[in-house]
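Q: Numbering (my numbering), first residue to last: 20 to 277.
Simulated from the structure, these hints should not be mistaken for lab results.
Please note that a few of the clues may not be correct.
Ranges of calculated distance between the beta carbons of each label pair, as one might list FRET restraints [to be verified]:
1. P46 <-> S149: 37 to 45 Å
2. D217 <-> V177: 15 to 23 Å
3. Q105 <-> S132: 13 to 21 Å
4. K259 <-> I219: 44 to 52 Å
5. E125 <-> S149: 35 to 43 Å
6. A185 <-> S254: 17 to 25 Å
7. K259 <-> P46: 23 to 31 Å
8. G127 <-> D257: 34 to 42 Å
9. A126 <-> S149: 24 to 32 Å
Treat the numbers as computed from the prediction; the structure is a model and nothing was measured.
Every residue gets a Cβ at the ideal spot worked out from N, C-alpha and C, and that includes glycine.
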Amino acid sequence: MNRNLDGIEMVLLDLDGTIHLGGVPIPGALEFIERCKMRNITPVFLSNNSSRSVKEYILKLHEMGIDAEEGDVLLSTHDCIRWLKQEGWLRIHCFGTSGMKEMMEEAGIDCSSKMVDCVVIGYHTDLVYSDLQRVSELLHRGVPLIATHPDIVCPSPVGGLPDVGAILSMLEATTGVKPVIITGKPRPEMILGRLKQDGIDPSRVAMIGDRIYTDMAMAHAAGVHSILVLSGEASREDLKDLDLVPSLVVESVDALLR
Numbered sequence: 020m021n022r023n024l025d026g027i028e029m030v031l032l033d034l035d036g037t038i039h040l041g042g043v044p045i046p047g048a049l050e051f052i053e054r055c056k057m058r059n060i061t062p063v064f065l066s067n068n069s070s071r072s073v074k075e076y077i078l079k080l081h082e083m084g085i086d087a088e089e090g091d092v093l094l095s096t097h098d099c100i101r102w103l104k105q106e107g108w109l110r111i112h113c114f115g116t117s118g119m120k121e122m123m124e125e126a127g128i129d130c131s132s133k134m135v136d137c138v139v140i141g142y143h144t145d146l147v148y149s150d151l152q153r154v155s156e157l158l159h160r161g162v163p164l165i166a167t168h169p170d171i172v173c174p175s176p177v178g179g180l181p182d183v184g185a186i187l188s189m190l191e192a193t194t195g196v197k198p199v200i201i202t203g204k205p206r207p208e209m210i211l212g213r214l215k216q217d218g219i220d221p222s223r224v225a226m227i228g229d230r231i232y233t234d235m236a237m238a239h240a241a242g243v244h245s246i247l248v249l250s251g252e253a254s255r256e257d258l259k260d261l262d263l264v265p266s267l268v269v270e271s272v273d274a275l276l277r
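Assemble the whole structure, with the sequences as input and the hints as a guide.
A: In structure tokens, the structure reads:
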């Protein structure tokens, strides 16, 4: 894999830490997206951040100057919904934002039932202590735990913020319960369904992201090219003694398609 992305037909673009930080585009990111479109490379915006619905993501992308439609966005919430439907767990206690609940309910998942099949943990940016208390009570009663993604921190301009992985550690410390499954990146299923739908061979796809344990791990598991950017969570120090070596490492997406 080279910086010209020769042979690539689709790029799976992580958002937080790759395209923007705290809603502010990373320098050169908008121009990179335009270069993709000029070269007939399809950009798909991929995020583990389950705090927003697809509609909210589209508005956010538009605010940043990125022209995108609903079909251009793939979230960990999509993967979680797909898994819940496969299991037939359609009544959940949703520990998440109104945007996450909106996506669940639009997909036929009941978030208001008192009798639930499981607890689903998302990136809950509006939580209050009573939310944590309710989840703990359900877990102590033996209700299964599901998580939308494993990210420990959410990148921001001021540093990492507690994400789902951090909440899972806290819940395990207080209840002893571990999740039945953690959906989203790095599960290859999150992207393989989309590639099959679009008829694109994984060898023609590059995953671009800032996290080794999700973005790069998923790319490896799905058989697509992996491009690590150092504009978010990962640093060059993290590359030392790394078992999972990315196809390419660049400072940011601004270095690509030049």
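Q: Could you tell me whether the CB distance from A185 to S254 stays inside 17 to 25 Å?
A: Given a distance of about 19 Å, which is inside 17 to 25 Å, the answer is holds.
Q: Do the beta carbons of K259 and P46 sit within 23 to 31 Å of each other?
A: With Cβ atoms ~27 Å apart, the hint holds.
Q: Okay, E125 versus S149 on CB: inside 35 to 43 Å?
A: Violated, at about 26 Å.
Q: Is the distance from the Cβ of G127 to the Cβ of D257 consistent with 34 to 42 Å?
A: Holds: the Cβ-Cβ distance is about 40 Å, inside 34 to 42 Å.
Q: I want to verify a distance hint. Is the separation of the beta carbons of Q105 and S132 within 13 to 21 Å?
A: Since Q105 and S132 have Cβ atoms about 19 Å apart, the given range 13 to 21 Å holds.
Q: Between P46 and S149, does the C-beta distance stay in 37 to 45 Å?
A: Distance hint for P46, S149 holds at roughly 41 Å.
Q: If you check the beta carbons of A126 and S149, does the distance land in 24 to 32 Å?
A: At 26 Å between Cβs, range holds.
Q: Okay, D217 versus V177 on CB: inside 15 to 23 Å?
A: 37 Å, violated
Q: Is 44 to 52 Å respected by the C-beta to C-beta distance linking K259 and I219?
A: Taking Cβ atoms as reference, K259 and I219 lie about 33 Å apart, which means the hint is violated.
Of the hints listed earlier, those the structure fails to meet are numbers 2, 4 and 5, in rising order.
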